[in-house]
Amino acid sequence: MPTVKVSIMTEQLKKLSDWLGVRHPDDAGVFFTTRRAVLYTRILLVTAVAIFGTLIKDVIDQGFSFVPIVIFLLSVVISISIVLNRIGKTTASKIIFLLLLNLVIGLLCSVIPPERLAFVFFFPLLIMAYVLFEDHQRAYQRFFVGLSSVMLLLLAFTDFKLFWDYQLSVSELGQKNMIINIIVTIIIISLCVDFLIRSNKRAEDSLKKQAAFIAQQNLELKKINTELDRFVYSASHDLRAPLVSIQGLSKIAMEEAQHETDKRYFKLINDRVVRLDDFIRDIIDYSRNARTELIRETFALEPMICEIIENLKYIEGADKIVFHIDRPLPDVVTDKSRLKIVLSNIIANAIKYHNLRHETPFIKISAKIENENLNLSIADNGAGIPTEALPKIFDMFYRASDRAGGSGLGLYIVKEMVQKLNGTIRVESAFGAGTTFFITIPLQSKQ
Numbered sequence: 013m014p015t016v017k018v019s020i021m022t023e024q025l026k027k028l029s030d031w032l033g034v035r036h037p038d039d040a041g042v043f044f045t046t047r048r049a050v051l052y053t054r055i056l057l058v059t060a061v062a063i064f065g066t067l068i069k070d071v072i073d074q075g076f077s078f079v080p081i082v083i084f085l086l087s088v089v090i091s092i093s094i095v096l097n098r099i100g101k102t103t104a105s106k107i108i109f110l111l112l113l114n115l116v117i118g119l120l121c122s123v124i125p126p127e128r129l130a131f132v133f134f135f136p137l138l139i140m141a142y143v144l145f146e147d148h149q150r151a152y153q154r155f156f157v158g159l160s161s162v163m164l165l166l167l168a169f170t171d172f173k174l175f176w177d178y179q180l181s182v183s184e185l186g187q188k189n190m191i192i193n194i195i196v197t198i199i200i201i202s203l204c205v206d207f208l209i210r211s212n213k214r215a216e217d218s219l220k221k222q223a224a225f226i227a228q229q230n231l232e233l234k235k236i237n238t239e240l241d242r243f244v245y246s247a248s249h250d251l252r253a254p255l256v257s258i259q260g261l262s263k264i265a266m267e268e269a270q271h272e273t274d275k276r277y278f279k280l281i282n283d284r285v286v287r288l289d290d291f292i293r294d295i296i297d298y299s300r301n302a303r304t305e306l307i308r309e310t311f312a313l314e315p316m317i318c319e320i321i322e323n324l325k326y327i328e329g330a331d332k333i334v335f336h337i338d339r340p341l342p343d344v345v346t347d348k349s350r351l352k353i354v355l356s357n358i359i360a361n362a363i364k365y366h367n368l369r370h371e372t373p374f375i376k377i378s379a380k381i382e383n384e385n386l387n388l389s390i391a392d393n394g395a396g397i398p399t400e401a402l403p404k405i406f407d408m409f410y411r412a413s414d415r416a417g418g419s420g421l422g423l424y425i426v427k428e429m430v431q432k433l434n435g436t437i438r439v440e441s442a443f444g445a446g447t448t449f450f451i452t453i454p455l456q457s458k459q
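Once you know that position 352 of the sequence shown is 364 in my numbering, the rest is easy, because the numbers rise by one and skip nothing.
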């Protein structure tokens, strides 16, 4: 039975606390939106109890003299603030509470000797000015901090005779008032400190929960990405096998066709298959770049570039382009596979977008090592890139022109692979005059 009674009393106290608005909610999200309102309500109740208790004591001890009248004014201020707070006018309540409290306490300090420590009320006022207002109410914070500071300084410089020379004697005021002043000050400051500690603790707990949630989400996302990469890589390889067969059969059919119309149709089929095969190659390259680590090795640049050019001779118009290799090319230490894909994509684009009207279309490739960096440039006098398209050419699926019918993945993969090599890539282009790609890759010793 006693346990049941305690439980009922606890529940009743919770309901009363909720009605008064002095209990912090259990939910962390609600806590952060109501914490200042709860603190302010608590301060109002503590101040009200202290003021009304002091008023009754002083009226009994002194009758209706000056000090009880001023304390009565304080009780009116508290009552107005409580009413405004209850009807939802919280900001107005805080402004009236702090403004009139500063003035009335300043008035009290002008007649109460400093030995009775009435001025200590200014210290909780300073703290309250900081903690009661929201972050977007900085102006109110600064104003009330300034007001309390100025009032305290003026009292100190005027020897606590700010409004007049008259002061009550120490004997007229009992030590009880001084004790009340100290206790109320300590309670209000304690409430503010508790507010700060509780807010910090809740914020830490919330951040820890969010960090744990994000970590779990990252693990799941990595798992999904890994599975997706694996699927894309596997599916792309499976798709290439029938495409290669179709490509071979279309070439045979094109050679054996008797009519020009049939040859043209088979050539169209072959071109579409080649384009689809290129797209799948791009997907495989992208997936491989994301899945595999860097493999650094020492190799000669020139044979690799010559091999790339030879492999790209199948592209229409490649036989009309003059390739300049700025010899000698250095030996380098980097990921050969990735660098080969980077150069293949850029040179392939230069071939596809060459200037058909130019008498001597060329592609110039140069490389040199400076400050332990490999600096590559691939220049052409092709069609060039429009100025408005330059910022977007490295975006996924972006195509500045439909002329070559690419997938829009080539330069995106180039950028991703250069970044994987810890390098940088930039482009200069004049529409109708040509394009130059500049690549810088830091060289590292073979691990």
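Treat the hints as calculated values from the structure; they're not laboratory data. Everything numeric in this text was worked out from a predicted model, so none of it was measured. Even glycine gets a Cβ: it sits at the ideal position worked out from N, Cα and C. Some hints could be false.
Once the Cα atoms are required to be at most 30 angstroms apart in a straight line, the calculated DSSO-like pairs of lysine-lysine come out as [stated by the list, open to error]:
{"hint": "1", "residue 1": "LYS325", "residue 2": "LYS263"}
{"hint": "2", "residue 1": "LYS352", "residue 2": "LYS404"}
{"hint": "3", "residue 1": "LYS352", "residue 2": "LYS427"}
{"hint": "4", "residue 1": "LYS332", "residue 2": "LYS279"}
{"hint": "5", "residue 1": "LYS352", "residue 2": "LYS364"}
{"hint": "6", "residue 1": "LYS234", "residue 2": "LYS325"}
Using C-beta positions, here's what the derived DEER-type ranges look like [as the list claims (entries may be wrong)]:
{"hint": "7", "residue 1": "GLU216", "residue 2": "PHE409", "range": "20 to 28 angstroms"}
{"hint": "8", "residue 1": "HIS336", "residue 2": "GLN229", "range": "25 to 33 angstroms"}
{"hint": "9", "residue 1": "ASN212", "residue 2": "THR238", "range": "24 to 32 angstroms"}
{"hint": "10", "residue 1": "LEU208", "residue 2": "GLN229", "range": "30 to 38 angstroms"}
{"hint": "11", "residue 1": "GLU216", "residue 2": "LEU115", "range": "38 to 46 angstroms"}
{"hint": "12", "residue 1": "HIS336", "residue 2": "ASP290", "range": "21 to 29 angstroms"}
{"hint": "13", "residue 1": "ASN434", "residue 2": "ARG150", "range": "24 to 32 angstroms"}
{"hint": "14", "residue 1": "VAL205", "residue 2": "ARG98", "range": "20 to 28 angstroms"}
{"hint": "15", "residue 1": "ASP331", "residue 2": "GLU268", "range": "39 to 47 angstroms"}
{"hint": "16", "residue 1": "ILE209", "residue 2": "LEU240", "range": "24 to 32 angstroms"}
{"hint": "17", "residue 1": "GLU305", "residue 2": "VAL205", "range": "50 to 58 angstroms"}
{"hint": "18", "residue 1": "GLN228", "residue 2": "GLY158", "range": "27 to 35 angstroms"}
Handout entry: Index of numbered hints that the structure contradicts, given in increasing order
Key = 6, 7, 8, 9, 13, 15, 16, 18
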